[in-house]
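Novice: So the chains spell out like this:
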Amino acid sequence: DGGITQSPKYLFRKEGQNVTLSCEQNLNHDAMYWYRQDPGQGLRLIYYSQIVNDFQKGDIAEGYSVSREKKESFPLTVTSAQKNPTAFYLCASSIDWGTEAFFGQGTRLTVV
Amino acid sequence: DQQVKQNSPSLSVQEGRISILNCDYTNSMFDYFLWYKKYPAEGPTFLISISSIKDKNEDGRFTVFLNKSAKHLSLHIVPSQPGDSAVYFCAARYNFNKFYFGSGTKLNVKP
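Protein sequences, first through last, are from chains A and B.
Residues 10 to 121 (our numbering) make up the first sequence, in order.
Residues 23 to 133 (our numbering) make up the second sequence, in order.
No lab work stands behind these hints, which were simulated from the structure alone.
Since this is a predicted model, take the numbers as computed values, not measurements.
It is possible that part of the hints are untrue.
[As the list claims (entries may be wrong)] Calculated lysine-lysine pairs in the DSS-like style (CA-CA distance at most 27 Å, straight line):
id: 1; chain 1: B; residue 1: Lys76; chain 2: B; residue 2: Lys59
id: 2; chain 1: B; residue 1: Lys120; chain 2: A; residue 2: Lys66
id: 3; chain 1: B; residue 1: Lys120; chain 2: B; residue 2: Lys78
id: 4; chain 1: A; residue 1: Lys92; chain 2: B; residue 2: Lys27
id: 5; chain 1: B; residue 1: Lys128; chain 2: A; residue 2: Lys18
id: 6; chain 1: A; residue 1: Lys79; chain 2: B; residue 2: Lys120
id: 7; chain 1: B; residue 1: Lys78; chain 2: B; residue 2: Lys90
id: 8; chain 1: B; residue 1: Lys120; chain 2: A; residue 2: Lys92
Work out the full structure, taking the sequences as your base and the hints as a guide.
Specialist: So this is what it looks like as structure tokens:
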């Protein structure tokens with residue numbers, strides 16, 4: 010079955026700790042994205058990658074980092090510099106740049 | 023500053039009737055618009071899209087209308103079914119590489 014897998018579904022971390030969210034896709038898509046969703050707001054773009062070994066900042070990249078060493082994988086690290094990390098994080102991929110995206114089930118991160 | 027707005031957080035409709043979900047945008051450079059549907063504990067799934075060169079696109083029970091002069095997008099679901107109950111997000115594409123999403127409208131279709 011093709012799809013996007015995000016893990017874990019729920020994640021709890023102590024303030025000040027870095028945490029990495031996993032995103033894997035087996036759809037052979039070139040483009041991958043990370044979005045953040047907060048209550049009452051739309052999805053906001055954190056980082057995106059058009060191709061392996063290349064990625065660009067989105068609208069709210071501060072306090073986050075990513076890597077794209079493999080086509081299938083696009084992990085997101087939430088660093089201690091992110092002021093308000095508690096949120097719902099969605100990973101997505103698309104066949105090509107600018108086409109409709111397929112989303113994973115999301116990871117709900119809670120920092121205490 | 024939200025460039026894509028869904029001003030109705032929720033909508034309740036009787037089964038069999040029409041559901042109309044609305045979306046407004048501010049950037050006239052958006053060239054492609056999409057609707058996504060999201061069930062609880064799942065990621066959004068793509069539903070239907072429309073290019074800025076069209077004013078209507080239909081797919082079964084779902085029709086998207088685009089009014090560029092008003093910068094307004096709407097999704098019509100006819101007839102509505104209980105399985106359509108979900109959160110619907112509209113999204114708009116800018117410069118072929120960025121998508122801006124609305125905050126979503128929760129649709130409840132009552133049997």
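Novice: Which numbered conditions among the earlier hints are violated in the structure presented, ordered from lowest to highest?
Specialist: Structure breaks no hint.
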